[in-house]
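S.K.: Residues per chain, in single letters:
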Amino acid sequence: MKQEIQFVLNGEQVFADVDPQWTLLYLLRNVFGYTGAKKGCGVGECGACTVIVDGEATNSCLYPVLEVEGRHVTTIEGVAAPDGTLHPIQQAFIENNGVQCGYCTAGMIMSAKALLDQKPDPTEEEIRTAIAGNICRCTGYVQIVESIQMAAARMKQ
Amino acid sequence: MGAFTYHKPATVGEAADLAAELHGARFVAGGTDVVVLLKQRKIDPANLISLRNVAELTYIDSADGLSLGSGVTHTRIANHDYIRARYSALADGARVVGSKQIRNVATLGGNICNAAPSADTACPLLALDAAVRILGREGEREVPIDDFFLGPNKVALADGELVLGIKLPATSEKSGSAYIKHSRRQAMELPMVGVAAWVSVSIGGSEERCRGALECEHTPDVIQLLQNEEVVLEDVRIAMGVVAPRPIRAREAEAKLKGQVVSGALFESMGDVAVSECQARDSFRCDAGYRLEMVRVLTKRAILKAIDRIMRPGREADIDLLW
Ligand SMILES: Cc1cc2nc3c(=O)[nH]c(=O)nc-3n(C[C@H](O)[C@H](O)[C@H](O)COP(=O)(O)OP(=O)(O)OC[C@H]3O[C@@H](n4cnc5c(N)ncnc54)[C@H](O)[C@@H]3O)c2cc1C
Ligand code: FES
Ligand code: FES
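Chains F and V, in that order, are what the protein sequence lines are.
So the first sequence is residues 1 to 157, counted in the working numbering.
So the second sequence is residues 1 to 323, counted in the working numbering.
None of these hints come from the bench; they were simulated from the model.
Where is the CB? At the ideal position from N, CA and C, for every residue including glycine.
Where hints are given, some of them may not hold.
[As the list claims (entries may be wrong)] On the chain F side, residues computed to face chain V include the following (Cβ under 7 angstroms):
1. Glu56
2. Asn59
3. Leu62
4. Pro64
5. Gly140
Next comes chain F alone, as it looks inside the complex (with noise of 0.2 angstroms):
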């Protein structure tokens, strides 16, 4: 039987019904149509359905969907100004080479910007340890750290 609940997606307030066996990685691919948020393990493991929930870093796939009432929610489709500018961090990954196959990136992303917002001047092992559940099979990493440190040294300015 489907609940309705309310909560803010990227700065707007929405509504959705929803089944309590649906977790919110569900909610945001299947209802919303926000498939920035990607399903690698579905158990925790890959960090590919990282979004940010209330200012912190969280597997979209263990959210039970019935959490979600109340809460502000961040996806990668939030993360650009509203005139498409990007993102400190998105352009950073760009000029870095921090993306190859893709598959990795916006839940990178998320870790990177929750890390960003929480501590703008992160020293490498912080960057490492933000990003530690977040598993890229193509880059090797360094260039993702790289990434990361030049959108921090860019968002001080």
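Once you've looked at the hints, dock chain V with the ligands against the given chain F.
M.R.: Structure of chain V with the ligands alone, referenced to chain F:
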């Protein structure tokens, strides 16, 4: 996932009433164990009772010892300055659970109630002598953590009982603790072996020279120099994970150390005793022989690390220092 009704109580009272009413209901806190089990169809409850919105379970109170609500997340524990300083082993455990995304929602209560032999807060809580606050039908009761773990995924909770939180005794300036998770990778990995130690010491010689000893690179040198300063292990608690069906205290090894001056020979014989207390098994992560060998190494290192925490408090830089 099978169909279930999802309940969202706002208070402990409501949660307890629901649990009493709905026989066989499952509590869900951060859901990082429960949702995985649901997806894998290993559990199929008709009712889930969420504790995520119960604000009463999220307290951190350091007025008398340390009291933590079951709903406190690993992220909060890992970032809490007082816990890091005074209950370091617990912060060590919380900061190595899964990933940031997991730690942001996963709770202390969920970790101990799920009771994996590898649970990263289990050994710290055993070494820190925690008591578990449980709410049952007849009201509140307290159980020592050592009596709470019964076996793999089995704890001393009756149907409908919930964990309110844990309580840790006050610590003195001359006591310290550490937890070492020995795993193949640094993140997103369960330990092959986990060891926590809590010690309180007295020092016959110079504290300054003890601090100097801890600068040494090689373990035998560190131990010899600490022995020269007559560092006595007045009291010790050691806990070991993934070496038995549940996380265990190494009580005989503790007895061996109590009241003794640290020395290479003492650690050597303590290691033998600790190994004899294990019932290690082979698993896909590593074989039993390797686990036992690492018990020898890690019990010693955890004790040295706990001593380091007493002698050189507030040093975060070398948190992973291995000797
Ligand atoms: C990708 C991934 C990596 C992980 N890595 C680690 C790791 O490195 N180390 C580690 O130790 N664990 C790890 N875990 C396991 C898990 O994250 C932890 O055990 C976590 O602490 C569980 O907390 P939770 O709040 O999510 O529990 P839940 O999943 O909500 O609950 C777990 C169990 O406890 C019960 N429960 C929860 N709260 C209460 C309460 N207050 N009273 C009574 N019963 C209760 C539930 O009914 C359930 O049986 C990992 C999990 C995942 C998915
Ligand atoms: S899909 Fe959520 S962590 Fe892999
Ligand atoms: S870019 Fe392909 S998985 Fe990361």
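S.K.: For each hint, tell me whether it holds in the structure or not.
M.R.: Evaluated hints:
1. For Glu56 of chain F, the suggested interface contact is upheld, since its CB lies about 4 angstroms from the closest CB of chain V, less than 7 angstroms.
2. Satisfaction of the interface hint for Asn59 of chain F is found here, the shortest Cβ-Cβ separation to chain V being roughly 5 angstroms, below the 7 angstroms cut-off.
3. Given hint, Leu62 of chain F at the interface with chain V, holds; its Cβ is 5 angstroms from that chain's nearest Cβ, closer than 7 angstroms.
4. The beta carbon of Pro64 of chain F is positioned within 7 angstroms of a beta carbon in chain V (closest approach about 6 angstroms), and the interface hint is therefore held.
5. Violation of the interface hint for Gly140 of chain F is found here, the shortest Cβ-Cβ separation to chain V being roughly 15 angstroms, above the 7 angstroms cut-off.
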